[in-house]
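**Q** Going by this note's numbering, the sequence shown opens with residue 1, and the numbers climb by one from there.
Worth flagging that the hints you see were computed from the coordinates, not collected in a lab. C-beta: ideal position from N, C-alpha, C; glycine also. Hints are not guaranteed to be accurate.
[Stated by the list, open to error] Each pair of labels, with its calculated beta carbon distance range:
# : residue 1 : residue 2 : range
1 : A119      : A237      : 46 to 56 Å
2 : E86       : L550      : 23 to 33 Å
3 : L550      : E474      : 22 to 32 Å
4 : L222      : T369      : 43 to 53 Å
5 : F217      : A440      : 23 to 33 Å
6 : V452      : L545      : 31 to 41 Å
7 : V452      : L287      : 34 to 44 Å
8 : S271      : T532      : 49 to 59 Å
9 : S552      : K97       : 46 to 56 Å
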Amino acid sequence: MEHLAAGRELLIFLVAAGIVVPLFQYMRLGVVLGFLIAGVAVGPGGFGHLAETWPIFGYAAITDVTRLQTLGDLGVLFLLFTIGLELSLARLAAIGKMMVQVGGLQVILATGAIYALSAMAGFQFDDSLVLGMAFALSSTAIVTQSLIERKRLVAPAGRTTLGVLILQDLTVVPVVIVVGILGTAGATAGVSVGLALVQGIGIAIAVVIAVLALGRFLIKPLMQLAGATGNRTLLIAITLLIIIGAGALTSAAGLSSALGAFLAGLLLSESEYRHQLDVDVEPFRDLLLGLFFMTVGMTIDLDIVYLQWTMVLLALVLMLAVKLVTAYVAARLVRVERSVAIEMAFLLAGAGEFAFVMFALAFRDNVITADVAHFATTVAALSMMFTPALGMIGGRIAKAMESRTHMAKHGVHADEEWVDHVIIGGYGRVGGMVGGLLRAEGIPFVALDLDVVHVERAKQDGLPVFYGDATRAEILTRLGAENALAFVVTADGGDMAKRMVETIRARWPGATIHARARSVAHARELLDLGATHVVPEAFEGSLQLSGELLASIGLPPEAIANRLAVVRAVVEARLSEEGPYPANPEAEAGAAMQPGDG
1 MEHLAAGREL
11 LIFLVAAGIV
21 VPLFQYMRLG
31 VVLGFLIAGV
41 AVGPGGFGHL
51 AETWPIFGYA
61 AITDVTRLQT
71 LGDLGVLFLL
81 FTIGLELSLA
91 RLAAIGKMMV
101 QVGGLQVILA
111 TGAIYALSAM
121 AGFQFDDSLV
131 LGMAFALSST
141 AIVTQSLIER
151 KRLVAPAGRT
161 TLGVLILQDL
171 TVVPVVIVVG
181 ILGTAGATAG
191 VSVGLALVQG
201 IGIAIAVVIA
211 VLALGRFLIK
221 PLMQLAGATG
231 NRTLLIAITL
241 LIIIGAGALT
251 SAAGLSSALG
261 AFLAGLLLSE
271 SEYRHQLDVD
281 VEPFRDLLLG
291 LFFMTVGMTI
301 DLDIVYLQWT
311 MVLLALVLML
321 AVKLVTAYVA
331 ARLVRVERSV
341 AIEMAFLLAG
351 AGEFAFVMFA
361 LAFRDNVITA
371 DVAHFATTVA
381 ALSMMFTPAL
391 GMIGGRIAKA
401 MESRTHMAKH
411 GVHADEEWVD
421 HVIIGGYGRV
431 GGMVGGLLRA
441 EGIPFVALDL
451 DVVHVERAKQ
461 DGLPVFYGDA
471 TRAEILTRLG
481 AENALAFVVT
491 ADGGDMAKRM
501 VETIRARWPG
511 ATIHARARSV
521 AHARELLDLG
531 ATHVVPEAFE
541 GSLQLSGELL
551 ASIGLPPEAI
561 ANRLAVVRAV
571 VEARLSEEGP
581 YPANPEAEAG
591 AAMQPGDG
């Protein structure tokens, strides 16, 4: 019966993941939030609660979360392992100072502020301290996965946030020690807390050094031994052993098991197996991490939310606000840029998975009551549910702040005059090549780009490249659009290219617009919007590749040129035609060219 129950729970998880998660992806709300909502629905507080009235919901409910939590925790280990693979000891050392300063300040400020608010609300010393320490930490799994989804992990905000999360994992030992003291020392707890923190930090540092040293002499030789056999299955098995073993080692020492997995990945980040391990672990990570997010949703007690919704809402808002403010202040005190500090603060505003462990330990040791533990656990789970959305909000605010900063520093000024020039929208790989050719011919040009790296690199070379949105008519006007010889659209994003063409044609109907398209279909769209001439990048690249292939086979240059000319003529003819556009114009062109043509 136990095996049947476990199989049913996994089946419910797969069904929920297959329905809810794709829906949330379609709505662009993120995979993490989808798994959290699915967990609420199929958990004890969702369908499990409804099953008491309508038994039919019992078939879709998971009442025992323990088994799934064990598997879900493995997902966190795999996530931290892959993050460690993407870093290196040198890169970690580069953010080490920032990690200690910002992370240390954030933990201290958040703990103190939440403790003070809890004491003001009438909680006892023990309760207030436990709430402060538990809520001060954030969710490593949810925050990092959110950063990965939005491709922000390697951005300055992502690196700073990751450093703070690592520091938070290191504080697990002193926090657990403090909870133990509160459970045994009673009234003298306040005197022992300071000493316990110092001892705990020392233990944490010693454990990290021991794991790194052990990895040098054990993990790398073990991977080399497995790699020498050429057996991929053995390599995967050894990798799983290393991840789980490192996590178990740090967990036995009182640290976070996720920290051990991260250190294992860090040790292998500079090995020759790095990319293969990343690919092999990815399926395990994604599936089990989704299971972890669902189990977090299952811990939300909807009865508490319903019966005490005002208290829950007030506690949730206060906790998020306090953590947001303290994280921002901590970052600014260390002189982190405002945009980075604000995005990091929003990401760290929620509670973390360790809060569940801490509340359970505190309740077991009679430090807090069952009512406080259930209430705090619900608030923590709800805050974790809001973490992906908060991360997106923080990212948008940071992006707006960065845009204003870059516009002020590299933006277009109204007093600059441009006549008989070319305006390039997007100064990346293609735009830079076009600008270089224009410069070689002595033709003046000016370019816009929203990537500050491209802008700063061009500025260093003395080129007229500015930070700005090439789809906005007022910015193009400042660049003398009415006096421009031509416009060149090389923006990477397909939608941005279409908006730029549409804006130029609407404001300057007689303008000449040359555009780079992603594909032939994209080229037709740009032509329909008013582009004068469009070059399908993928199509031209495929023609060049085909030409090289035919040359290597032995066809004469004249025959190759004629064959490619036929294909190009067919596609260009279709681009100039009105009416329905073929689903696969390249295939149609290939079919039009018979053997022996040319």
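**Q** Which numbered hints does this structure break?
**A** When the structure is compared with the hints, numbers 2, 3, 5 turn out to be violated.
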